[in-house]
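Enquirer: Sequence:
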Amino acid sequence: MRFLTIYFLLGFLLISGCAEEQQPTVNNEIVERVRPAAQGGTTAAYFVYENTYPGTDTLRVLRSDIAEVIQVHETYKTEDGMMGMREQQEIVVPEGEVVEFRQGGLHVMLISLKNELAEGDSVTIEMKWSGAGQVQKKLPVQP
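In the working numbering, the protein residues as written are 53 to 195.
These aren't lab readings, by the way, just hints derived from the structure by calculation.
Source: prediction; values computed, not measured.
Ideal placement from N, C-alpha and C gives every residue a C-beta, glycine not left out.
Please note: incorrect hints may appear among the correct ones.
[Said to hold, decoys possible] Below, in silico cross-link-like pairs of lysine to any residue (SDA-like), each with a Cα-Cα straight-line distance of 20 Å or less:
{"hint": "1", "residue 1": "180", "residue 2": "142"}
{"hint": "2", "residue 1": "180", "residue 2": "163"}
{"hint": "3", "residue 1": "190", "residue 2": "84"}
{"hint": "4", "residue 1": "189", "residue 2": "132"}
{"hint": "5", "residue 1": "189", "residue 2": "130"}
{"hint": "6", "residue 1": "180", "residue 2": "121"}
{"hint": "7", "residue 1": "166", "residue 2": "93"}
{"hint": "8", "residue 1": "190", "residue 2": "176"}
[To be verified] Listed next, with one range per pair, are the computed distances between beta-carbon atoms:
{"hint": "9", "residue 1": "91", "residue 2": "183", "range": "32 to 38 Å"}
{"hint": "10", "residue 1": "115", "residue 2": "91", "range": "15 to 21 Å"}
{"hint": "11", "residue 1": "91", "residue 2": "131", "range": "34 to 40 Å"}
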C-alpha cells in the first residue's frame with residue numbers, strides 16, 4: 053500500500069510538471085499587459101502598435117469598457133531628477149513605423165476603473181486611427 057501511494061505521488065508530480073505555463077506576449081521586448089488595480093483606481097497598459105497603413109497614421113480615440121477615462125501619457129524626468137507624467141494630445145506614427153506604449157515612456161492610462169483588475173483577467177482597448185481605422189488590442193492583466 054505504501055508503494056502504491058509513493059507511485060501515485062510521483063506520477064502526480066511528473067504530470068503537474070508538464071503543465072504549460074501561459075507566457076505573456078513579448079513584442080519588441082515589451083511585455084504586453086495591463087497591471088492589476090482596484091476598482092476606482094488607475095492602471096497602465098503596455099503594448100506595441102505597428103502602422104501598416106500606407107501613410108502616416110494618427111491616434112484619434114482611445115476607449116475601454118473598463119475605465120471611465122483613458123489617456124496616453126508620457127513619462128519624463130525633470131532637471132532635478134524628479135519623474136512625472138504628462139498627457140499626450142496626439143500620437144502620430146509614420147508609415148511602417150512602430151509606437152511602443154511601455155513603462156517609462158509612452159503608455160496608456162486607464163483611470164477610474166469600473167471593476168477590479170486581477171491577474172488572469174483581460175482588458176480590450178479600442179483605438180481609432182486616422183488611417184487604419186478601428187483597431188482592438190486585447191491585453192492580459194499581469195503584474
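Enquirer: If a hint holds in the structure, say so; if it doesn't, say that too.
Expert: Hint check results:
Of the pairs offered as hints, the one joining residue 180 and residue 142 holds, with about 12 Å between alpha carbons and a cut-off of 20 Å not exceeded. At most 20 Å may separate the alpha-carbon atoms for a hinted pair to count; residue 180 and residue 163 meet this at roughly 19 Å. Simply put, residue 190 and residue 84 have alpha-carbon atoms about 9 Å apart, close enough for the 20 Å limit, and the pair holds. Only pairs whose Cα atoms come within 20 Å are accepted, and residue 189 paired with residue 132 is rejected, the gap being roughly 36 Å.
In summary, the hint linking residue 189 to residue 130 is not supported, as the alpha carbons are separated by about 32 Å, beyond the 20 Å threshold. The hinted pair formed by residue 180 and residue 121 meets the criterion: a straight-line CA distance of about 15 Å does not exceed 20 Å. A C-alpha spacing of about 9 Å is found between residue 166 and residue 93, which places the hinted pair at or below 20 Å, so the restraint holds. With a C-alpha separation of about 4 Å, the suggested pairing of residue 190 with residue 176 holds against the 20 Å cut-off.
One distance hint, 32 to 38 Å for the beta-carbon pair residue 91 and residue 183, holds here, with the actual separation near 36 Å. Distance hint for residue 115 and residue 91: a CB-CB separation of about 19 Å, consistent with the stated range 15 to 21 Å. Remark: the range hint 34 to 40 Å for residue 91 to residue 131 is upheld by a beta-carbon distance near 37 Å.
Comparing the model with each earlier hint shows violations of hints 4 and 5; every other hint is respected.
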